[in-house]
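Chemist: As a plain string of letters, each chain reads:
2 protein chains.
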Amino acid sequence: MEKVRKLERIVALTKILSQRPHRLFPFSYFSELFDVAKSTLSEDMLVVRQVLQKYGLGTLETIAGASGGVRYLPSPSPSAIHELLTELAARLSAPERIIPGGYLYMSDILYTAHWMEKVGELFMVQFRHLAPDYIMTIETKGIPLAFMTARAFDVPLITVRHGSRVTEGSAVSINYVSGSSRRIQTMSLPRRALPSKARILIIDDFMKAGGTALGMVELAHEFGAEVVGTGVLVATAEPEKKLIAGYQPLLILHSVDEQVKKVDIRPALMGG
Amino acid sequence: MEKVRKLERIVALTKILSQRPHRLFPFSYFSELFDVAKSTLSEDMLVVRQVLQKYGLGTLETIAGASGGVRYLPSPSPSAIHELLTELAARLSAPERIIPGGYLYMSDILYTAHWMEKVGELFMVQFRHLAPDYIMTIETKGIPLAFMTARAFDVPLITVRHGSRVTEGSAVSINYVSGSSRRIQTMSLPRRALPSKARILIIDDFMKAGGTALGMVELAHEFGAEVVGTGVLVATAEPEKKLIAGYQPLLILHSVDEQVKKVDIRPALMGG
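As you go down the protein sequences, you meet chains A and B in turn.
The first sequence runs contiguously to residue 298 in this note's numbering.
The second sequence runs contiguously to residue 298 in this note's numbering.
None of these hints come from the bench; they were simulated from the model.
Since we're looking at a predicted model, the values are computed, not measured.
Among these hints, one or two may not hold up.
Just so you know, same-sequence chains aren't split out, so a pair can sit in one copy or run between any two.
Here are the computed lysine-lysine pairs in the BS3-like style, where the Cα-Cα straight-line distance is at most 25 Å [claimed, not checked]: (1) Lys32 x Lys80; (2) Lys64 x Lys32; (3) Lys80 x Lys144; (4) Lys234 x Lys287; (5) Lys234 x Lys144; (6) Lys234 x Lys267; (7) Lys32 x Lys287.
Build the full structure now, drawing on both the sequences and the hints.
Modeler: See the structure below:
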């Protein structure tokens, strides 16, 4: 019977751990679930980790001690990162994406789960050392991406809104100058959305001048929270100097030429 | 070596299939990946399916024939559905969620990935027979839920916006009367977001009178698309008669009493 039991544990371990990335499961959770000793569990986890790594499917991290346990972590290889960003750049370069005014239509990719899952996992890997406890974004198009980043970190998402909503209670609002429209706009966050001293990672789909990201940094400060990093899927090459420093783009949009129907967008991260 | 190889295949099968729910993988994909005969693969898939089912982690569906293959499907048991909805109702009943005006603060739950993943999988199970090829929602708070439903179906999400955006190109707009505000509002969708004849499942976080959902149905008609179903996380008990028929709520909000600080919200689906 031991052989069947081992297969059973291996399947359940793989599924339970990988469906909740970054979540630390105490060893006791699995030793009780399977009714086995921790030494047996260690052997099982070694098998799962080796196979995940061999097939480029992620890895397991084990943490020793009383508050320890095991967690699943996505761990895309440099070549997988390169492949992902190259493919996204190729898709976004399609001339039919050009919208009058020099904009690029990205919504189909931003609203497709398997792309955003991979991008969210990549942001997790990039920013893991900063240990954020909230992901912050602003409505609307960046929400799926930021949500999948929050999923990869196993932390909640906070969504800043334009204006404030009666259905979310009292809110803190600030004014900011959007880099693209150059108009003064308002963004707000419900008071109850964020505790003070939170460590925040800002994730958004697009950055031009950085005015919106700067607004989110200021809004976070109003809550006594700290922005520890900023990640964007696409940043424009111009203006070179953004309103915030230290942001991490995955793709750089160099130009959108409406005349000759050409988009120049390239990976910013070479994955190695 | 056979024993190690089998364990290896089992881990990789579990991870690859379950990370992309509803996606049909041809048998040839795995027989090439592992360099094994399809008969061996069938035995492996049987093991994975049995274990997933035993632990309530989902199931595998195999489809025979040239265009066949294998897919992972979440399959929450009646008791798991009951437990999920009972816990959500309990959390949403907390008196501190009451917002002046009789609203209920739900954003923390709507922006937490593991809750929305479970709710999205539940909508997939509920609406699977309708075979939608797009999920539609309206900004903002329903996006994560609708996105996780789209993920569970392996189909794209379409997000309707208030007003129209210059960055998304030409759009179709309609006016509608929001049931809660009773004001005439505008919603729009970019022309390129949706092909004609698409089968659409509407997913939203909240329904009161159903005016917003009705607006989405009308907007879909403008594209020559068909709305095959509507799912909402929370519907209010009053008004009993909504502007659209045949919607499926998961929870019913019976009352929010600001005076005595009491919220009455209950599962609409008993899970069996």
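Chemist: Determine which of the earlier numbered hints do not hold for this structure and return their numbers in increasing order.
Modeler: Checked against the structure, the only hint that fails is number 7, while the rest are satisfied.
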